[in-house]
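Read top to bottom, the protein sequences are chains A and B.
By the count of my numbering, the first sequence reaches residue 314 at its end, each step adding exactly one.
By the count of my numbering, the second sequence reaches residue 314 at its end, each step adding exactly one.
Any given hint could be a false lead.
Across the chosen pairs, the derived CB separations fall in these ranges [unchecked claim]:
id	chain 1	residue 1	chain 2	residue 2	range
1	B	Arg-16	A	Val-123	54 to 64 Å
2	B	Gln-136	A	Pro-24	38 to 48 Å
3	A	Gly-170	B	Glu-141	26 to 36 Å
4	A	Ala-247	B	Asn-17	37 to 47 Å
5	A	Glu-223	B	Asp-40	43 to 53 Å
6	A	Gly-170	B	Glu-115	34 to 44 Å
No farther apart than 25 Å at their CA atoms in a straight line, the calculated lysine to any residue pairs in the SDA-like style are these [said to hold, decoys possible]:
id	chain 1	residue 1	chain 2	residue 2
7	B	Lys-33	B	Glu-243
8	B	Lys-33	A	Glu-133
9	A	Lys-33	B	Glu-20
10	B	Lys-33	A	Gly-23
11	B	Lys-262	A	Lys-33
To be clear, the hints were calculated from the coordinates, so they are not data collected in a lab.
Ideal placement from N, C-alpha and C gives every residue a C-beta, glycine not left out.
Protein chains: 2
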Amino acid sequence: MNWQDEIRNAAERVGPHVQRTPVMKTQGFGLDFPVELKLEHMQHTGSFKARGAFNTLLSQPVPPAGLVAASGGNHGAAAAYAAHQLGHKARIYVPEMAGPAKISLIERTGADLQVVPGAYANALEQAQAYEAETGAMQVHAYDAPATVAGQGTCFAEWQAQGLEADTLLIAVGGGGLIAGALAWLQGAKKIVAVEPETACALNAALQARQPVDVEVSGVAANALGAKRIGAICFEFASAQDLASVTVPDSAITKAQTALWRERRILVEPAGATALAALICGAYCPAPGERVAVLICGGNIAPDPLG
Amino acid sequence: MNWQDEIRNAAERVGPHVQRTPVMKTQGFGLDFPVELKLEHMQHTGSFKARGAFNTLLSQPVPPAGLVAASGGNHGAAAAYAAHQLGHKARIYVPEMAGPAKISLIERTGADLQVVPGAYANALEQAQAYEAETGAMQVHAYDAPATVAGQGTCFAEWQAQGLEADTLLIAVGGGGLIAGALAWLQGAKKIVAVEPETACALNAALQARQPVDVEVSGVAANALGAKRIGAICFEFASAQDLASVTVPDSAITKAQTALWRERRILVEPAGATALAALICGAYCPAPGERVAVLICGGNIAPDPLG
Numbered sequence: 009m010n011w012q013d014e015i016r017n018a019a020e021r022v023g024p025h026v027q028r029t030p031v032m033k034t035q036g037f038g039l040d041f042p043v044e045l046k047l048e049h050m051q052h053t054g055s056f057k058a059r060g061a062f063n064t065l066l067s068q069p070v071p072p073a074g075l076v077a078a079s080g081g082n083h084g085a086a087a088a089y090a091a092h093q094l095g096h097k098a099r100i101y102v103p104e105m106a107g108p109a110k111i112s113l114i115e116r117t118g119a120d121l122q123v124v125p126g127a128y129a130n131a132l133e134q135a136q137a138y139e140a141e142t143g144a145m146q147v148h149a150y151d152a153p154a155t156v157a158g159q160g161t162c163f164a165e166w167q168a169q170g171l172e173a174d175t176l177l178i179a180v181g182g183g184g185l186i187a188g189a190l191a192w193l194q195g196a197k198k199i200v201a202v203e204p205e206t207a208c209a210l211n212a213a214l215q216a217r218q219p220v221d222v223e224v225s226g227v228a229a230n231a232l233g234a235k236r237i238g239a240i241c242f243e244f245a246s247a248q249d250l251a252s253v254t255v256p257d258s259a260i261t262k263a264q265t266a267l268w269r270e271r272r273i274l275v276e277p278a279g280a281t282a283l284a285a286l287i288c289g290a291y292c293p294a295p296g297e298r299v300a301v302l303i304c305g306g307n308i309a310p311d312p313l314g
Numbered sequence: 009m010n011w012q013d014e015i016r017n018a019a020e021r022v023g024p025h026v027q028r029t030p031v032m033k034t035q036g037f038g039l040d041f042p043v044e045l046k047l048e049h050m051q052h053t054g055s056f057k058a059r060g061a062f063n064t065l066l067s068q069p070v071p072p073a074g075l076v077a078a079s080g081g082n083h084g085a086a087a088a089y090a091a092h093q094l095g096h097k098a099r100i101y102v103p104e105m106a107g108p109a110k111i112s113l114i115e116r117t118g119a120d121l122q123v124v125p126g127a128y129a130n131a132l133e134q135a136q137a138y139e140a141e142t143g144a145m146q147v148h149a150y151d152a153p154a155t156v157a158g159q160g161t162c163f164a165e166w167q168a169q170g171l172e173a174d175t176l177l178i179a180v181g182g183g184g185l186i187a188g189a190l191a192w193l194q195g196a197k198k199i200v201a202v203e204p205e206t207a208c209a210l211n212a213a214l215q216a217r218q219p220v221d222v223e224v225s226g227v228a229a230n231a232l233g234a235k236r237i238g239a240i241c242f243e244f245a246s247a248q249d250l251a252s253v254t255v256p257d258s259a260i261t262k263a264q265t266a267l268w269r270e271r272r273i274l275v276e277p278a279g280a281t282a283l284a285a286l287i288c289g290a291y292c293p294a295p296g297e298r299v300a301v302l303i304c305g306g307n308i309a310p311d312p313l314g
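Produce the entire structure from the sequences given, and follow the hints as far as they go.
Here it is as structure tokens:
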């Protein structure tokens, strides 16, 4: 599989449907070096997930039953939005713990939304039952080639926009986004995976030399709280000797506050997690090393205009 | 006075101190045409005002007493920030009606902040007394050449970033920002002034063929509520036959909600006022006419992370 070709094809497919998100170079956040940002939280439905969702729906036939997804929030919203835009039905199972802001977000896409008591596993179980019963198509949140290729378009776009950095910091949940970066960049730039200390499926897998289950909690858990890293991500991470750091919730909150106070960028905790690694020193660039941070999600709760 | 030269000089002066704000092209907001946006609410202290403040302080000697300003909020924050960055003292008089979000914003700059009971006129009176007593320098919020030239750098920057639009929509309070646009563009693009129906000093002045006092109220009054349009702005507006429209508060709130819901751009009402003119049809572009909207301020109240 030639991943760069896959991502180029994905970019052609999703181009007319996704937002080309802005980039900027800025100085601040208590750092003594500039940082390039890509404001991917301005993507449709507030996270990069729309890229993978559109690519999935556009690269294979969609059955009459449409799609089904189980999601703690951002993926569900993106899948529902993409389905609606492309004229497909969408049934989305959301665990109650996703919270009212993300549940409203999905409701506004016009999807057939099912709020399931409890956590993600319950939602996934019902989604699988619905798939078996109706033949609806599952859209995986992170561990499918079409999803990864879709997320990879974010990095192809960033390079076309003049990305200068030597090193990219990317927050990791299930690993779909960073897998897209690794697949596209193929070692051309250093990539640093950033996870919350209390939701670090990739870091744990790299230590164990295989994907393992982890407990997840903390401020970013409803976006980054995958229990096990995706196999595609793990394979790339192992092969490319990916740098992996973790950050405490206090650093995530500090980064979230700094983005708002200094740049009027209002994001959910997951969207501030990569920057947190610079702010708390979990990743310290070498002198002259140019760094970039992907701002991946903006679906803050409570919704400030909700 | 060659305004374009003034603005080029201002751009050199303020370049190292201001944020180059991102631009994007987007489709949405219920419109059937794309819109270019410049995200100037990401400027230091959350509005374009930092440009004029830096240019003022860098283009003339600053007395030992530093600067003094009276401001409903955004200008005071920008002047205080610029003074702090350049190592000058700053005394800022803020009317109580500015509200806690903008008052905290100014406090965080480290300025000597005086909250004055009542409305703007009281704050201005005290600022003038302080100036007379100490020799501190007044930084005018909108009606001084250095202020206008500073705001003009926003449009020079936007053109350098590839602005394509035929027509720019700009919100107007005292007129410093739009005067900067008129001074830089000199008729090269059509400019549309957008004011709230209940704070329309420019629209009233154009009807009366001279600046006149107006009553101000409504959701954007604490940023756009100048009682009388600046003389510099009025002169440009009259000479260039500026298009002027007004929008109801309901359209401003609708635009503010759309910017957040669709693009995760969270702004104060003033920051959504120019877009409101497209959403409510106060300005209808001709077929094929390309439009751009300046997003001018992000200091929403209450502060979502306050």
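Hints and how they fare:
no.	hint	verdict
1	Arg-16/B x Val-123/A: 54 to 64 Å	57 Å, holds
2	Gln-136/B x Pro-24/A: 38 to 48 Å	57 Å, violated
3	Gly-170/A x Glu-141/B: 26 to 36 Å	51 Å, violated
4	Ala-247/A x Asn-17/B: 37 to 47 Å	54 Å, violated
5	Glu-223/A x Asp-40/B: 43 to 53 Å	49 Å, holds
6	Gly-170/A x Glu-115/B: 34 to 44 Å	37 Å, holds
7	Lys-33/B x Glu-243/B	32 Å, violated
8	Lys-33/B x Glu-133/A	40 Å, violated
9	Lys-33/A x Glu-20/B	18 Å, holds
10	Lys-33/B x Gly-23/A	13 Å, holds
11	Lys-262/B x Lys-33/A	30 Å, violated
Violated hints, in rising order: 2, 3, 4, 7, 8 and 11; the structure is consistent with all others.
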